[in-house]
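Asks: Chain order of the listed sequences is A and B.
Numbering-wise (the working numbering), the first sequence opens with residue 25 and increments by one.
Numbering-wise (the working numbering), the second sequence opens with residue 52 and increments by one.
It is possible that some hints are incorrect.
Capping the alpha-carbon separation at 25 Å, the derived lysine-lysine pairs in BS3-like fashion look like this [what the hints assert, rightly or not]:
| id | chain 1 | residue 1 | chain 2 | residue 2 |
| --- | --- | --- | --- | --- |
| 1 | B | K259 | B | K182 |
| 2 | A | K91 | B | K384 |
| 3 | B | K397 | A | K91 |
Since the hints were derived computationally from the structure, they do not count as laboratory data.
One letter stands for each residue in the lines below.
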Amino acid sequence: MKQETAAQAKPLIRVEHVRKVYRMGEEKVVALNDVSLSIYKGEIVCFLGTSGSGKSTFLNMVAGLEKPTKGEIFIGDIPIHKLNEERVTLFRQKNIGFIFQAYHLLPMLTALENVSLPLIFRGVDHKEREKKAREMMKAVGLKGYEKRKPTQMSGGQQQRVGIARALVGTPKIIFADEPTGNLDTNTTREVMTLIVDQVRKHGQTLILVTHDRSIAEYADKVVTIQDGNIIKIEAKQQQLQ
Amino acid sequence: MNSRDLLDLCFRNLFRRRARTLLAVIGVVVGTCAIVVMLSIGYGLTANFQEQIESYGNLHLIQVSANGGSGVNADKNDLKGIINDKTLKTMGEIKGVDAVTPVVSEYMTVAVGKKVTQTEFVGIDAEVFEKFNYEIGEGRMLRPSDKNGVLFGNNVPMWFYNPNKNDWSDEPEDVVDEKLVITADWEYGMKKKSSDPDKITYPEFKGKGVGVLASENDESSYRVYMNIDDLEEIIAANKKARKENTTANGRQGKTYDQAWVYVSDINEVEDIIEILKDDMGYYTYSATDWLNAMQDTARMIQGVLGGIGGISLFVAALGITNTMIMSIYERTKEIGVMKVIGANLKDIRKMFLIEAGLIGFGGGLIGLALSYLISFLMNTVLVGVMGSIFSDIGGYGSSVSIIPWYIAVGALAFATFVGVAAGYGPARRAMNLSALESLRNE
Chain A
25 MKQETAAQAK PLIRVEHVRK VYRMGEEKVV ALNDVSLSIY KGEIVCFLGT SGSGKSTFLN
85 MVAGLEKPTK GEIFIGDIPI HKLNEERVTL FRQKNIGFIF QAYHLLPMLT ALENVSLPLI
145 FRGVDHKERE KKAREMMKAV GLKGYEKRKP TQMSGGQQQR VGIARALVGT PKIIFADEPT
205 GNLDTNTTRE VMTLIVDQVR KHGQTLILVT HDRSIAEYAD KVVTIQDGNI IKIEAKQQQL
265 Q
Chain B
52 MNSRDLLDLC FRNLFRRRAR TLLAVIGVVV GTCAIVVMLS IGYGLTANFQ EQIESYGNLH
112 LIQVSANGGS GVNADKNDLK GIINDKTLKT MGEIKGVDAV TPVVSEYMTV AVGKKVTQTE
172 FVGIDAEVFE KFNYEIGEGR MLRPSDKNGV LFGNNVPMWF YNPNKNDWSD EPEDVVDEKL
232 VITADWEYGM KKKSSDPDKI TYPEFKGKGV GVLASENDES SYRVYMNIDD LEEIIAANKK
292 ARKENTTANG RQGKTYDQAW VYVSDINEVE DIIEILKDDM GYYTYSATDW LNAMQDTARM
352 IQGVLGGIGG ISLFVAALGI TNTMIMSIYE RTKEIGVMKV IGANLKDIRK MFLIEAGLIG
412 FGGGLIGLAL SYLISFLMNT VLVGVMGSIF SDIGGYGSSV SIIPWYIAVG ALAFATFVGV
472 AAGYGPARRA MNLSALESLR NE
């Protein structure tokens with residue numbers, strides 16, 4: 025059923041002939057050659073590739089952190105490649121959640137405050153954001169850890185805080201760059217299940233970037249990137265059902 | 052981000068790197084302290100100068116002297132430099148002038164009982180003299196109706212002596228309501244007089260003491276005062292005795308050599324002096340002349356001291372900038388994360404500006420408190436030592452250091468401004484950091 029709606033609806037993310045070239049002094053490095061792709065609402069898409077394949081570059085460009093050398097990127101109707109930094113930041117604030125490999129929690133804030141951070145940036149008032157953050161902490165299984173500082177938590181717990189932070193503002197799209205790269209196998213399984221469950225529950229779109237084939241198992245669609253080109257797109261619909 | 056959250060975040064950042072924040076704050080504390088204390092010494096000096104000058108004479112008083120003009124060639128209508136009834140009236144109409152009196156003076160002998168002394172007799176207009184704010188120590192003020200009434204300066208009663216005996220005493224002679232003899236005869240009361248054949252025989256006048264002024268040791272205390280009409284009569288009689296020409300009336304009517312102008316607001320004295328000198332052509336003398344010269348000196352000293360303080364605050368500003376730049380390096384990743392998860396660029400800039408501003412403000416506040424403490428200590432414990440040092444450059448008096456409120460407020464505002472200004476560069480830099488580069492910085 026998902027397949028049907030996805031096929032008929034307008035894609036949420038539209039990447040058209042994107043090319044990214046880095047200049048390293050005299051040399052030019054082609055990070056992405058000519059990539060076109062559509063991602064639909066509610067999809068979980070995994071970009072699989074080795075280090076240097078261009079998968080992170082792709083993610084950064086869709087998130088508006090980098091501008092493509094050539095090509096266009098639309099989220100909904102908004103041309104991400106055309107927005108200036110201020111507007112793209114504002115867009116991210118409202119529409120995008122981020123999960124990082126190294127968690128990237130702010131060390132001077134408690135877990136609860138870290139989770140609240142996107143809401144703080146939006147200017148949500150204290151009472152409301154505290155309520156939402158607490159609910160989110162509970163949802164990621166960290167009830168009771170609200171007052172802890174990041175340094176007082178394990179990697180898995182920190183990543184759960186990171187997930188809660190990415191999800192607290194109910195963004196349309198979640199980006200996860202090697203979200204389990206720093207975690208052991210057991211924790212990886214827990215964390216991935218948590219992310220996928222939450223995303224499915226809220227009908228959000230998840231874009232995963234990893235070099236780990238086992239992570240790809242969680243995705244609806246796996247896009248394999250090599251040397252800046254998409255070499256394979258597999259739909260994993262069957263397996264998930 | 053709302054401002055409360057922003058401020059909260061800033062405080063946490065500052066407290067997180069406590070040691071560095073503290074060092075930057077101390078820099079500002081020292082800078083602020085240096086400026087405030089240095090300036091306060093300058094203000095202390097100015098105040099001491101003022102105290103000192105006031106002992107030289109009344110700061111409200113301008114002494115005006117006529118400047119020629121009574122010659123035969125003088126134009127009847129050209130009253131420049133002339134003191135007569137008409138110009139006295141004009142002086143009285145200058146904005147800020149409260150009272151004007153013409154002044155005549157004569158050095159004469161005054162006797163009470165068997166004791167005599169020589170002093171300067173000053174004839175003034177008793178009617179306006181009351182407005183000159185002289186305080187009466189004994190007796191009462193001079194009145195226009197007092198025929199040959201004499202108002203004594205505070206020191207004069209102590210000068211009386213018996214010319215036939217060698218008994219000098221500092222005890223003031225009782226002069227109030229006593230009968231006096233006024234004469235230009237220097238040898239009045241002496242039993243043995245000089246045998247100079249050309250000796251002029253001066254007339255003697257009967258007078259009466261009415262009061263003694265309260266103010267000690269300023270110029271008013273060395274004179275006695277009479278109604279101008281009475282003294283002019285005496286002067287005319289003295290001139291007659293000396294066989295001098297007494298027709299003082301020139302073409303401009305009756306003129307005077309001197310007049311006194313009283314100004315109640317000291318700050319206006321300078322402007323009025325300018326009008327009297329430049330527009331009306333008189334010579335003037337006022338204790339304010341000294342005050343200005345001394346104030347210039349004080350200002351210069353203050354400028355030098357404040358400059359030294361300013362250098363310390365400048366160094367403190369470098370400290371703040373350095374702290375903030377270090378802080379950016381340290382927090383590059385955090386800034387990146389904040390940008391990626393949607394912190395407004397302006398909020399990031401604000402965050403750094405506020406942090407720097409807080410260092411400035413906090414340092415300024417502590418510095419100010421410390422300055423008041425230092426100032427207090429200077430004025431109590433150190434006043435003896437400091438006083439002797441500063442008396443060399445012209446000041447003496449009760450306080451070494453004075454901190455006016457506007458210096459306190461100004462220093463605090465300045466310290467905050469220095470903080471914000473020092474943080475501006477780093478703040479821009481933080482804002483312009485590439486989110487991606489920052490995240491790679493692992």
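Asks: Evaluate each hint against the coordinates.
Replies: Quick rundown of the hints versus the structure:
Simply put, K259 (chain B) and K182 (chain B) have alpha-carbon atoms about 22 Å apart, close enough for the 25 Å limit, and the pair holds. The suggested pairing of K91 (chain A) with K384 (chain B) holds, with an alpha-carbon distance near 20 Å, which does not exceed 25 Å. Between K397 (chain B) and K91 (chain A) the alpha-carbon distance is near 21 Å, which keeps this suggested pair within the 25 Å criterion.
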